[in-house]
Amino acid sequence: MKCRICNREALEKYCELHEKAYRNIVQKYDSWKRAMDVSWKEYLNEIAKNPYTGSWAKEVAEQLLKNEDR
Amino acid sequence: MEKYTLIITEKPDAAQRIAQALDSKGKPKKVEENGVPYFLAHRNRKLVVVPALGHLYTVAHERGRRNYYPVFNFKWVPRHLAERGAKQIRTWIETISKLANDAEDFIAACDYDIEGSLIGYCILKYGCENKEGVAKRMKFSTLTKSELEKAYDGPLSQLDFALIEAGKTRHEVDWLYGVNLSRALTSAARRWSGKYATLSTGRVQGPTLKFLIGRERVIRSFVPTPYWEIRAEVEIKKSTYEVEYERKRIEKRAEAEAVVKACTDKTGEIKKVDMREFHQKPPTPFDIGALQTEAYSLFRYTPRRTMGIAQRLYLDALISYPRTSSQKLPPVINYKNILKALSKEPAYKKLASKLLEKEELKPREGVKEDPAHPAVYPTGNLPERTLSDPEKNVWDLVVKRFMAVFGETAIKQGVKVSLEVNGHNFFLRGRQVLKEGWMQFYKPYVKAEEVLLPPIKEGETVRFKRVICDDKFTNPPPRYNPSSLLKKMDEYGIGTKATRADIIGTLYNRRYITEERIVVTDLGFDIIDILSNYAPRVISVKLTRELEKKMEQIQSNSEKRENILLEAVQQLKPQLEQLKEKEEPIGEVLSKAIKRVRMQERIIGNCPNCGTGKLMILYSRKTRKRFIGCTNYFKGICSTSFPLPQKGTAKPMGKNCGSCGWPLVRVQIKGRRPWRLCFNPDCPLKEERKKRNEMQNLQPGSPRKIL
Ligand SMILES: [Zn+2]
Ligand SMILES: [Zn+2]
Ligand SMILES: [Zn+2]
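These protein sequences, in sequence, are chains A and B. So the first sequence is numbered by our numbering: it starts at -15 and just counts up by one. So the second sequence is numbered by our numbering: it starts at 40 and just counts up by one.
Rather than coming from a laboratory, the hints here were simulated on the basis of the structure. All C-beta atoms in this analysis are idealised placements derived from N, C-alpha and C, irrespective of residue type, glycine included. Hints may be right or wrong, so weigh each one.
[Unchecked claim] To list a few chain B residues with every Cβ distance to chain A over 10 Å, as calculated: (1) THR97; (2) TRP115; (3) ARG256; (4) SER260; (5) PRO263; (6) THR264; (7) PRO265; (8) ARG292; (9) ILE309; (10) PRO515; (11) GLY710.
[What the hints assert, rightly or not] For the chain A half of the interface with chain B, some residues (derived, Cβ under 10 Å), not all of them: (12) ALA(-6); (13) SER23; (14) LYS25; (15) PRO35; (16) GLY38; (17) ALA41; (18) LEU48.
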């Protein structure tokens, strides 16, 4: 299997690097929900444009957003 | 023919200084033979002072094919036999050998450290027919006349063999790692792609890169979370002050908003005024690492640059030997004399005199020691030539740091005022210097940063004019820069004070890292990926540090070169076998990585026409000509293209045209200066130039030179 983002070898959906970023995204959603009232999609939008978000996390967020739109 | 003493120095500048200091008239005669300078001087007898050119000898494989690995047999050879482009070394060694024939005595006067000792040893052994056993050694930490005379009059009776042994081992071990690992990577890539590309890694490079990758991974997968910070503007005695909320971070927006609402436009009360005095000792003298860190934070000089500048100042006898890890200043350097000499410089007169008035001069020292040299200090000599600005900066920094370490403890006062408003607490902080102490000697490199408060009493009321809530996000850990990386390497004990800055430079040159705030490139990631999969032991920070420690022990005769070489081979052998076995998959990954890097290097910038494509340097299959084209051409969207000159190399400059804003291309024809080329046919600069050229009757269309 190939990573949906970078074509490296993947375990499931993502390669090891993007998988780590994906897990970070899922985990941090809790803090965001506690901090302010945001939906999953709003959250993804926020982190996709946030300058502190790492490039791999950004790529995963953008990929997830594309899926949301479908 | 008059017999003489042959004195060998590390570099030509040092030879001149030493000859000048030792010649009884201070006027040695300079001779040049085949481009090799040396100096004739007279003291109690005739002296010939000849410089090396850094290392003249190096480690090379003993026999065998060029690109074969593993290789564990090596010997020391003249550098020109092992390295391309080192032709000059041959005549250099020949000249020294000729001078050695008629010499009666030999003195090694290279810098007193591992490298210098090894340089002198190799020349005496291989270039002067085994004189390493009879040669004497001059030991000095500055190139001042008085110290050089002392070092000559009372030299060490023999070479410092423990240092030499340590140096030899280090070079040999580094060679074993570097040559084998680099050959393994290069040969894997070539086997896969059939193309030759030099890939390299080394004993310290690998662990350093791995270490950077750890941070890079955290940054790249980082997801920020929001929080809020509250501050307020309060009015006290008609002046406005900023106060901070008791909780530094509020994790819920609703909570933060509630605080703002509760405090805005309310009157608060001063609950408590806390005053605290704290004492700040003078800084410790500079070891090389601390000097590099300070020069980076003050002037933004990379560690490598600072080392170069410090080296220059040392050769000018303005400061002591900079490659030191000592934070001590022994009294023998004579503090008083140095300060007296410095006070001849108007800028230092006042400060130096102030210190000279003291009954006793006692420096604050750090714990780090160096058996060979004291901490970096000014010699007291004043510049004989005009220093460049960077040289001036570093010299001034060294001088002021030297003076500061003799200063008294500075005393500061911190004030923390607690205010309460509607059940919430805020703090107002003040800071004041009560006694400047050492700080007066270290200006402008230390700032007082005072925040003065009006007289305030408990029970007084204040008005909260404005309460501000700032949106914030958590940040990823900072990227390393050359300076903080160097510090980290020092902390982890990998590399040596003399080599760390160069290792960082090599990582940049190999394109494993880029930017000042260090970013690891894909190629860097791939190299470490491969090594951690197939040869994890060679990039282990722990093993690297252990080996480093053992090599250091050779200097104190508590470890043997043979043991360490054996251990290095035992470490490397199984790892290299593993790499060899997996050459195919490794080659595939590396070849792809190299291809990606080469593609990246051809991308010039965004396409000005379609906006979504990238402009790239391309080659036409039909005409075999080089041109600039848009990547969207392949998708059939955009056919933007521009011609390029066909001669020489063309690379993106990474800068935009100052006139039209289009990306620039750097064109270089061998043996000529590079051009910067704006390929925009409508660039206003082009029109202007055309007109000018017509007027001056010059060759039209010749691109502008890069200065
Ligand atoms: Zn991936
Ligand atoms: Zn285009
Ligand atoms: Zn232009």
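Do the hints match the structure? See the list:
1. Consistency note on B/THR97: stated as away from chain A, and its beta-carbon is indeed over 10 Å from all of that chain's, at 40 Å minimum.
2. Distance check for B/TRP115 against chain A: the nearest CB is about 44 Å away, which clears 10 Å, and the non-interface claim stands.
3. Annotated as non-interface, B/ARG256 brings its C-beta within 10 Å of a C-beta of chain A; the closest such distance is 7 Å.
4. Under the 10 Å C-beta cut-off, the non-interface status given to B/SER260 relative to chain A is violated; the minimum distance is some 4 Å.
5. With a closest Cβ-Cβ approach of about 4 Å to chain A, B/PRO263 is found to fall inside the 10 Å limit, against its non-interface label.
6. Under the 10 Å C-beta cut-off, the non-interface status given to B/THR264 relative to chain A is violated; the minimum distance is some 4 Å.
7. Taking the minimum C-beta to C-beta distance to chain A, about 5 Å, the non-interface status of B/PRO265 is violated against the 10 Å cut.
8. For B/ARG292, the condition that its CB be more than 10 Å from all CB atoms of chain A is violated, with the nearest at approximately 4 Å.
9. The beta carbon of B/ILE309 is kept farther than 10 Å from every beta carbon of chain A, the shortest such distance being approximately 33 Å.
10. A beta-carbon of chain A comes within 10 Å of the beta-carbon of B/PRO515; the shortest separation is about 6 Å.
11. Its beta-carbon lying about 41 Å from the closest one in chain A, B/GLY710 satisfies the requirement of being farther than 10 Å from that chain.
12. Evaluation of the A/ALA(-6) hint against chain B yields a violated restraint, the C-beta minimum of about 15 Å exceeding 10 Å.
13. A cut of 10 Å between beta carbons decides the hint on A/SER23: the least distance to chain B is about 15 Å, and the hint is violated.
14. Below 10 Å, beta-carbon pairs count as interface contacts, and A/LYS25 has none with chain B, the closest being about 15 Å; its hint is therefore violated.
15. Hint status for A/PRO35: holds, given a least beta-carbon distance of 8 Å to chain B, under 10 Å.
16. The restraint placing A/GLY38 at the interface with chain B holds, with a minimum CB-CB distance near 4 Å, inside the 10 Å limit.
17. Annotation: A/ALA41 was flagged as interfacial toward chain B, and the flag holds, the nearest CB pair being 5 Å apart, inside 10 Å.
18. For A/LEU48, the interface hint is violated, the least distance from its beta-carbon to any beta-carbon of chain B being 12 Å, above 10 Å.
In this structure, the earlier hints numbered 3, 4, 5, 6, 7, 8, 10, 12, 13, 14, 18 are contradicted, and the remaining ones agree with it.
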